[in-house]
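Here the protein sequences come in this chain order: A and B. In terms of the working numbering, the first sequence has 309 at position 309, counting the first letter as 1, and numbering is strictly consecutive. Position in the second sequence (first residue = 1) + 368 = the working numbering.
Since the hints were derived computationally from the structure, they do not count as laboratory data. Note that the Cβ used here is the ideal one computed from N, Cα and C, for glycine as well. Fair warning: there could be bad hints in the mix.
Computed Cβ-Cβ distance ranges for the label pairs, DEER-style [as the list claims (entries may be wrong)]:
hint, chain 1, residue 1, chain 2, residue 2, range
1, B, L451, A, E213, 22 to 32 Å
2, A, P108, B, L491, 47 to 57 Å
3, B, F631, A, R131, 37 to 47 Å
4, A, K105, B, I633, 20 to 30 Å
5, B, L637, A, K105, 36 to 46 Å
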Amino acid sequence: MAQLHLKNIKKQYDSSGPVVVKDFNLDIEEGEFIVFVGPSGCGKSTTLRMMAGLEEITDGEFYINDKKMNGIAPKNRDIAMVFQNYALYPHMTVYDNIAFGLKIKKRPKQEIKQKVEEAADILGLTEYLHRKPKALSGGQRQRVALGRAIVREADVFLMDEPLSNLDAKLRVQMRAEIMKLHQRLKTTTVYVTHDQTEALTMATRIVILNNGEIMQVGAPQEVYNTPNNLFVAQFIGSPSMNIFDGIFDGERLKIGNTNIKVAEADKHILKEHGYTDKKIKFGIRPENVQEYQQLSKPEEASLFDIKVRVNELLGSEFMIYSELEGEEIVARVDARNQNKPGDTMTFAFDMDKGHFFDFDTGERITDN
Amino acid sequence: MKTIYLFWIIGFLGLILGPMLFSLYGSFTNYNVTSTMDFVSFQNYEEMFLHDSLFWTSLYNTLYFVIFSVPLTTIAAIFISVLVNQNLPGMKFFRTVFYLPAILSGVGVYLLWMQLLDPSTGLINSFLSLFGISGPNWLFDAGWAKPSLILMKLWSAGGAMLLYLSAMQGISKTLYEAAVMEGASRVQMFFKVTLPMISPIIFFDVITSTIGSFQIFQEAYIMSSDSAGSPENSLLFFNLHMWIKAFNVFDMGYAMAMSWILFIIVLILTLINFRFAKYWVHYEDD
Numbered sequence: 001m002a003q004l005h006l007k008n009i010k011k012q013y014d015s016s017g018p019v020v021v022k023d024f025n026l027d028i029e030e031g032e033f034i035v036f037v038g039p040s041g042c043g044k045s046t047t048l049r050m051m052a053g054l055e056e057i058t059d060g061e062f063y064i065n066d067k068k069m070n071g072i073a074p075k076n077r078d079i080a081m082v083f084q085n086y087a088l089y090p091h092m093t094v095y096d097n098i099a100f101g102l103k104i105k106k107r108p109k110q111e112i113k114q115k116v117e118e119a120a121d122i123l124g125l126t127e128y129l130h131r132k133p134k135a136l137s138g139g140q141r142q143r144v145a146l147g148r149a150i151v152r153e154a155d156v157f158l159m160d161e162p163l164s165n166l167d168a169k170l171r172v173q174m175r176a177e178i179m180k181l182h183q184r185l186k187t188t189t190v191y192v193t194h195d196q197t198e199a200l201t202m203a204t205r206i207v208i209l210n211n212g213e214i215m216q217v218g219a220p221q222e223v224y225n226t227p228n229n230l231f232v233a234q235f236i237g238s239p240s241m242n243i244f245d246g247i248f249d250g251e252r253l254k255i256g257n258t259n260i261k262v263a264e265a266d267k268h269i270l271k272e273h274g275y276t277d278k279k280i281k282f283g284i285r286p287e288n289v290q291e292y293q294q295l296s297k298p299e300e301a302s303l304f305d306i307k308v309r310v311n312e313l314l315g316s317e318f319m320i321y322s323e324l325e326g327e328e329i330v331a332r333v334d335a336r337n338q339n340k341p342g343d344t345m346t347f348a349f350d351m352d353k354g355h356f357f358d359f360d361t362g363e364r365i366t367d368n
Numbered sequence: 369m370k371t372i373y374l375f376w377i378i379g380f381l382g383l384i385l386g387p388m389l390f391s392l393y394g395s396f397t398n399y400n401v402t403s404t405m406d407f408v409s410f411q412n413y414e415e416m417f418l419h420d421s422l423f424w425t426s427l428y429n430t431l432y433f434v435i436f437s438v439p440l441t442t443i444a445a446i447f448i449s450v451l452v453n454q455n456l457p458g459m460k461f462f463r464t465v466f467y468l469p470a471i472l473s474g475v476g477v478y479l480l481w482m483q484l485l486d487p488s489t490g491l492i493n494s495f496l497s498l499f500g501i502s503g504p505n506w507l508f509d510a511g512w513a514k515p516s517l518i519l520m521k522l523w524s525a526g527g528a529m530l531l532y533l534s535a536m537q538g539i540s541k542t543l544y545e546a547a548v549m550e551g552a553s554r555v556q557m558f559f560k561v562t563l564p565m566i567s568p569i570i571f572f573d574v575i576t577s578t579i580g581s582f583q584i585f586q587e588a589y590i591m592s593s594d595s596a597g598s599p600e601n602s603l604l605f606f607n608l609h610m611w612i613k614a615f616n617v618f619d620m621g622y623a624m625a626m627s628w629i630l631f632i633i634v635l636i637l638t639l640i641n642f643r644f645a646k647y648w649v650h651y652e653d654d
């Protein structure tokens, strides 16, 4: 197990080119499962590859257990890596693939055999040890790649979108297996994904990246409930948070012609920060857009009507897609809902769960 | 659609199967262009194996050439492709230079090499003399004539290099990255990743160049001073001997029999190659 320390890490492929990772600072504790998440090109894989030693660090310092790793060869970093496309050797059996690193290190045969069999047992690969990768399913292949990491008994696991090549069902299954593995081995893990659901379900802490910069670091609940800025608010959560442009008049939030009462605590903070009569961005998650019938105190709520455009059944619930004052709104409602496209529904926002952001910077204003 | 089939059948029968069957039948006759084709049973084959010592010489020369030329050019082509697969400035220039010999046509190249290999005025011996080495007589020395041809073949390894280079560039970079993470050295990566990954191309190259090398003719015809395999029959390859039999002495029946023997040898070797392929050729998907 290891602590990792990334200090002012920067990556620029050529001196006149764009900076793909900007001033990246992060401390990772022993045994953590850190997930880097962000859209394509945000620098998450590049950062991971710099940690692995596959990419040079342009500027800044990277430490494993207080030992500086800049310029140290990948093999001397005691890191095992799992790749998106598995990186299995097609000409080797599952056994040889898992044993590859140990054979390279010229470990005794008996030790190799024992470790490979142990790993195969953990991953349920025992009966496939003599097969070639081409005779395995995607999930099994990724398990072989995990096996290769396990036998190394490395200090750190780096995983670069390991589940992206799998179908949806397998992805969920492998997600659970990787978490189980982490609970068992407790190896410090850095996991890269573009899938926010993976990030939310797996991470002890999530690092959200955009354009080479860290947008927020925090536990899954924390980044979901208190996003630091508009980017995090919209990136984390599916469907993403509803965002409206509005003006705070000291009492209410005006979204076009719809006036909505602001919660007392938020009112205070907005006034304190000088947002009265100023344009702001208001965000609310689909599950906090409540149907009139579900409200406990409908007389206190600011109600508004919308016309259902699309209703999407997700099994236990419906997603209602519509428009409020010209902006798209998504509401998550009970599956017993009988409304059809074209019907009018009455809603209210659960304003205790609302988020206010600065109109220009997109930074969070309240501290809900 | 039917017309296309008709053309194909005419082409296949007239240009492939017909001549093959004709030569098979001809190999059992005493056909000499002017005579009728009289059936002589296995007489040509008997003559070949029991009485024609030049047949054995030509077979020996050909096997010698195949045994040295095929592995050496294969190794050279792989070696060059590893070199030009590096991501260094000017690499395109070197790739072009190495590939150039492959697009130069036969006879011109042979004449060029005859000049290079000239014992007294050739560039190669002049170069060797700079180091105080007195070069051999190359094409005029029975011991050096075949190595000269093998040397010339090595020079054109760039053709196969192109195949290997494209195969190497098709190998997923993550395989190497995974190996780097596991601590593999460059040499280990070459033997454990690159070679197995390009093994289907090596297999293809070995098969085709073995067949090609058994058919060596032009080189010997042009470069042996009497066009008949001199010095001391050291360049009398199988096909040259067959050609001499067919078109110098017009013993067509005998030449046809020789061609069938060559066919059988190549067929057996190819089958052996295929038989052993499963031990060293790795296909990603099959």
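Could you tell me whether the CB distance from A/P108 to B/L491 stays inside 47 to 57 Å?
-> With a Cβ separation near 55 Å, A/P108 and B/L491 satisfy 47 to 57 Å, so the hint holds.
Does the Cβ-Cβ separation between B/L637 and A/K105 fall within 36 to 46 Å?
-> 40 Å, holds
Measuring from beta carbon to beta carbon, are A/K105 and B/I633 in 20 to 30 Å?
-> Violated, since A/K105 and B/I633 (Cβ atoms, about 47 Å apart) do not stay within the stated range.
Indicate whether the distance between the beta carbons of B/F631 and A/R131 respects the range 37 to 47 Å.
-> 40 Å, holds
Holds or violated: 22 to 32 Å for the Cβ distance of B/L451 and A/E213?
-> 41 Å, violated
In terms of the numbered hints stated before, the structure departs from hints 1, 4, listed from lowest to highest.
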